[in-house]
Amino acid sequence: MTSLTSETQKNQMTAGGKNERFQLSDRQKDLLQKFAALGSLIALTLIFSLTSNAFFTVNNGMTIALQVTSIGILGIGATCVIITGGIDLSVGSVLALAGVVAALAVKELNMPVPVAMLAGILIGSLCGLINGLCVTHLKLPPFIATLGMMMVARGVALQITGARAVSGLGESFGELGNGAFLRIVNIDQNGFPDVVFPGIPYPVILMVVIAVAVALMLNRTVLGRHIYSIGSNAEAARLSGVHVARVTLFTYVLSGTLAGLTGCVLMSRLVTAQPNEGVMYELDAIASAVIGGTSLMGGVGTISGTAIGAFVIGILRNGLNMNGVSAFTQQIIIGLVILGTVWIDQLRNRR
Amino acid sequence: MRGFLANLADRLDLPPRERRHAQGALRSKRGHGASNPDRPTFDTKTSDEIILRLEAITKEFPGVRALSQVPFDLKRGEVHAVCGENGAGKSTLMKIISGVYQPDAGTISFKGREHHFGSSLDAETVGIAMIHQELNLVPHLTVAENIYLAREPTHGIFIDKAKLRADARHCLERLGVDIDPDTPVRALSVAQCQMVEIAKALSLEAEVLIMDEPTSSLTEAETTLLFDVIRDLKQSGVGIVYISHRLDEMAEIVDRVTILRDGRHVSTDAFSAVTVDDIVSRMVGRPLEDKFPERTSTPTDDVLLAVEGLTRRGAFHDISFSLRRGEILGFAGLMGAGRTEVARAIFGADPLDAGQIALHGKPLEIRSPRDAIAAGIAYLSEDRKGQGLAVKMSVAQNLTLANMAGVADRFGVIDFQRETGTTQRYVDLLNIRTPSIHQVVRLLSGGNQQKIVIGKWLFRDSRILFFDEPTRGIDVGAKFAIYKMMDELAAQGIGVVLISSELPEILGVTDRVAVFHEGKLTATLNTRDTNQEEIMHYASGYAGTRS
Chain E
223 MTSLTSETQK NQMTAGGKNE RFQLSDRQKD LLQKFAALGS LIALTLIFSL
273 TSNAFFTVNN GMTIALQVTS IGILGIGATC VIITGGIDLS VGSVLALAGV
323 VAALAVKELN MPVPVAMLAG ILIGSLCGLI NGLCVTHLKL PPFIATLGMM
373 MVARGVALQI TGARAVSGLG ESFGELGNGA FLRIVNIDQN GFPDVVFPGI
423 PYPVILMVVI AVAVALMLNR TVLGRHIYSI GSNAEAARLS GVHVARVTLF
473 TYVLSGTLAG LTGCVLMSRL VTAQPNEGVM YELDAIASAV IGGTSLMGGV
523 GTISGTAIGA FVIGILRNGL NMNGVSAFTQ QIIIGLVILG TVWIDQLRNR
573 R
Chain Z
331 MRGFLANLAD RLDLPPRERR HAQGALRSKR GHGASNPDRP TFDTKTSDEI
381 ILRLEAITKE FPGVRALSQV PFDLKRGEVH AVCGENGAGK STLMKIISGV
431 YQPDAGTISF KGREHHFGSS LDAETVGIAM IHQELNLVPH LTVAENIYLA
481 REPTHGIFID KAKLRADARH CLERLGVDID PDTPVRALSV AQCQMVEIAK
531 ALSLEAEVLI MDEPTSSLTE AETTLLFDVI RDLKQSGVGI VYISHRLDEM
581 AEIVDRVTIL RDGRHVSTDA FSAVTVDDIV SRMVGRPLED KFPERTSTPT
631 DDVLLAVEGL TRRGAFHDIS FSLRRGEILG FAGLMGAGRT EVARAIFGAD
681 PLDAGQIALH GKPLEIRSPR DAIAAGIAYL SEDRKGQGLA VKMSVAQNLT
731 LANMAGVADR FGVIDFQRET GTTQRYVDLL NIRTPSIHQV VRLLSGGNQQ
781 KIVIGKWLFR DSRILFFDEP TRGIDVGAKF AIYKMMDELA AQGIGVVLIS
831 SELPEILGVT DRVAVFHEGK LTATLNTRDT NQEEIMHYAS GYAGTRS
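So the protein lines, in turn, are chains E and Z. Numbering of the first sequence is given in our numbering, commencing with residue 223 and proceeding in unit increments. Numbering of the second sequence is given in our numbering, commencing with residue 331 and proceeding in unit increments.
The hints are simulated quantities; they were obtained by calculation from the structure and are not laboratory data. By construction, the Cβ of each residue, glycine as well, lies at the ideal position given by its N, Cα and C atoms. Among the clues, some could well be false.
So the derived list for chain E, only partly shown, Cβ under 10 Å to chain Z, looks like this [said to hold, decoys possible]: (1) Val378; (2) Val444; (3) Gly453; (4) Gly463.
What follows is a set of in silico ranges between Cβ atoms, one per label pair, in the way DEER data are often shown [said to hold, decoys possible]: (5) E:Ile264 <-> Z:Gln399: 40 to 48 Å; (6) E:Gly261 <-> Z:Gly666: 52 to 60 Å; (7) E:Leu272 <-> Z:Gly751: 49 to 57 Å; (8) E:Gly261 <-> Z:Phe741: 34 to 42 Å; (9) Z:Asp758 <-> E:Val564: 34 to 42 Å; (10) E:Phe257 <-> Z:Gln432: 25 to 33 Å; (11) E:Val547 <-> Z:Phe741: 47 to 55 Å; (12) E:Asn332 <-> Z:Gly751: 55 to 63 Å; (13) E:Leu518 <-> Z:Leu479: 20 to 28 Å.
Input sequences plus hints: build the corresponding full structure.
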């Protein structure tokens, strides 16, 4: 993740500006911003390592990474939408619908698992497309458009499953969510498996690949530049020849697609499709973007920041769990963390 | 202040005399001071009492010393103008007076007592109010609600609407302006909004008013009325700090003038003791050359753009004109005559109802700005911050926004080295003053922002440029640079359209002038053969009566 973090800094450094003093202070500011979020991440890790022996282990690291994947992937989509000045409240419901569709496709239509999951992801894209069209063509406020989709998608997911979980999906359905890369298992003399290295879970690999790809898209491509320009000033972007509607639409489709993917990964992990899965996930996704410095006013935000934000939430949950803090107290703490980080962000911007 | 209020009360008892302005959106209910023998005289008029004194004010921002040891004082009942180029420190000084910024060194005393304003609220409390260039009113609330925003008279827990309305009406009548306190602010003209801001300041019993470019978007008649109001405020002992780029208007109201350059105090004189040329040369730090550069090229006969019968209902009707290669064509007319609307429609920003556009003799269909940009047409909006720039983005990102293909490969991956090089080239070419090409444009001065917009379209290789009020709110030096740039563009065979409300500018820069009146093109004149009077004639719609 740190390699992405330095992305923007590198851009700033390559510039041959005239005034070195300004360059430096710009860079320092940028570093400070990264360190504020990263610092709290490191601080959390240290604290939890001290309070719990089981926290700082490879196994738990992988567990956290796995837990973070859903917020992380959703957060990446949310970041792109928020940078344009929009918001996507539907991702929690869309992921449930996508997962349910994938499961039903396997169970009822006997589709091969990869094809069924692709169908689920495409359902997510379709939901995103509808969101985007409502925003760009019907000119609905993003909040309303995606609020509607949040209810519709959840309703459809409940309807087609009769509000029951879809189970008995077979082992191959669980591969994506439970498999791992480079997993090393020895069979000991008693015939029990001994896990030497838990491997890198596929969802984690997926998240990293997506994060790198989207970060490159935002920083390095014309499309990314256009996304920022729309959030900064949509009218100026339009008058500069940016295809505002098309680019905005793209961000919603991306967010929907990533929600669909998250749905498939989540349901695969449980090897059961729950139409009630993912409630409030949209808020976690938005929270991770906001903790990572994305501005809800649009025009500002990075994927590296969002990744840090997702990990802050993930580590908090995991660490508090290990310390036996109740789920209710966890919510309170995470809520306060969101308020705190955004407040610090405001302070920094005011300077 | 007591005396002021009493005097006003006296004045309100006078029978209001209607005085209509020819075109103004405002009406004055006040008789002229000199023509009214019943009016009480004010001993405050020539008072030498210093009401506000700043000493050795220094303010630094990261990397820039915005103000260095600047002194300033204001007498009761005077208008004290502050002049300087963009970036000279005027705005910073005003923000220090109004409490928005705190000085790093130096003292502020108001009525003999030293003050430290922690915020603009502190300054307002003691009686210093600022009328902002970008007006700070809430569009959806009424005039009365805006004037008493956050200070609403209450009746128990409810707002006392009757008192609110009556007090607001009282305030507005004090100014002699006829605005209904129940009108929502969004329905007012800019001039009316300004009057509401002034009324608000007076309701705060302000004794010092800071006016930042108050006339920049007013018509002539509205300006006249504003000056009447300013004269009355002077009479009643209010001190006014006045910032404007329109030096020609200042003679009417300004008593003293202070000139700043590069954050330093240059001079403070009685306005009558200096000439406009003196002021300008002190502002720029060199003797004044011509206000307009010589045209170095002549237009070709090659028609670049020809439009025929352009109509957009409610905005303009049956507009036809042509633009030749290497020509600078002026669009003259009063505000709201449809000049901007025509330019926007040709650029594809607004739809057309009828009419043809031909480029190089070939018909061209433009449905969006993208089509226009692809055809080499550029439009530089009068509203730089609202429509021209992505203000949260950097200089480099703004410069390349209209031509990303020029700095990216065919897969849309940006080549940062190329972007940096390109940006640096335009920053040097246009002499854009910025600490770095990665500076966020919001932090740059108006003139430099305008240059970035120009650079953006130059990098796009535009062949036709519409400049909409390019010099509004820009200092003399930067204005000259922009005129010169237009001339150079024309010399390269680019067609330039200059939309301007300033006739000297139109006459000084263009080859031909198209004059608009209420959505119609009333005349197209050769600049060399015309004059201000003739253009005004057509602009005010008397064309029919003229032979």
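Hints, verified against the model:
Hint status for E:Val378 relative to chain Z: violated, with the closest Cβ pair at about 35 Å, above 10 Å. With a least beta-carbon distance of about 4 Å to chain Z, the hint placing E:Val444 at the interface is held under the 10 Å criterion. Taking 10 Å as the C-beta contact cut-off toward chain Z, the hint placing E:Gly453 at the interface holds, the least distance being around 8 Å. For E:Gly463, the suggested interface contact is upheld, since its CB lies about 4 Å from the closest CB of chain Z, less than 10 Å.
Taking the beta carbon of each, E:Ile264 and Z:Gln399 are about 46 Å apart, inside 40 to 48 Å as hinted. Here the CB-CB span from E:Gly261 to Z:Gly666 is close to 55 Å, well matched to the stated 52 to 60 Å. About 51 Å separates the C-beta atoms of E:Leu272 and Z:Gly751, a value consistent with the hinted range of 49 to 57 Å. Checked against the hint of 34 to 42 Å, the C-beta distance between E:Gly261 and Z:Phe741 comes to roughly 36 Å, which is consistent with it.
Between Z:Asp758 and E:Val564 the CB atoms are about 40 Å apart, so this pair conforms to the stated range of 34 to 42 Å. As the Cβ distance of E:Phe257 to Z:Gln432 is approximately 28 Å, the hint placing it in 25 to 33 Å holds. A beta carbon spacing of about 48 Å between E:Val547 and Z:Phe741 agrees with the range 47 to 55 Å that was offered as a hint. Range check, E:Asn332 to Z:Gly751: about 59 Å between beta-carbon atoms, so the 55 to 63 Å window is met.
At roughly 25 Å, the beta-carbon separation of E:Leu518 and Z:Leu479 lies within the given 20 to 28 Å, and the hint holds.
When each numbered hint is compared with the structure, a violation occurs for hint 1 only.
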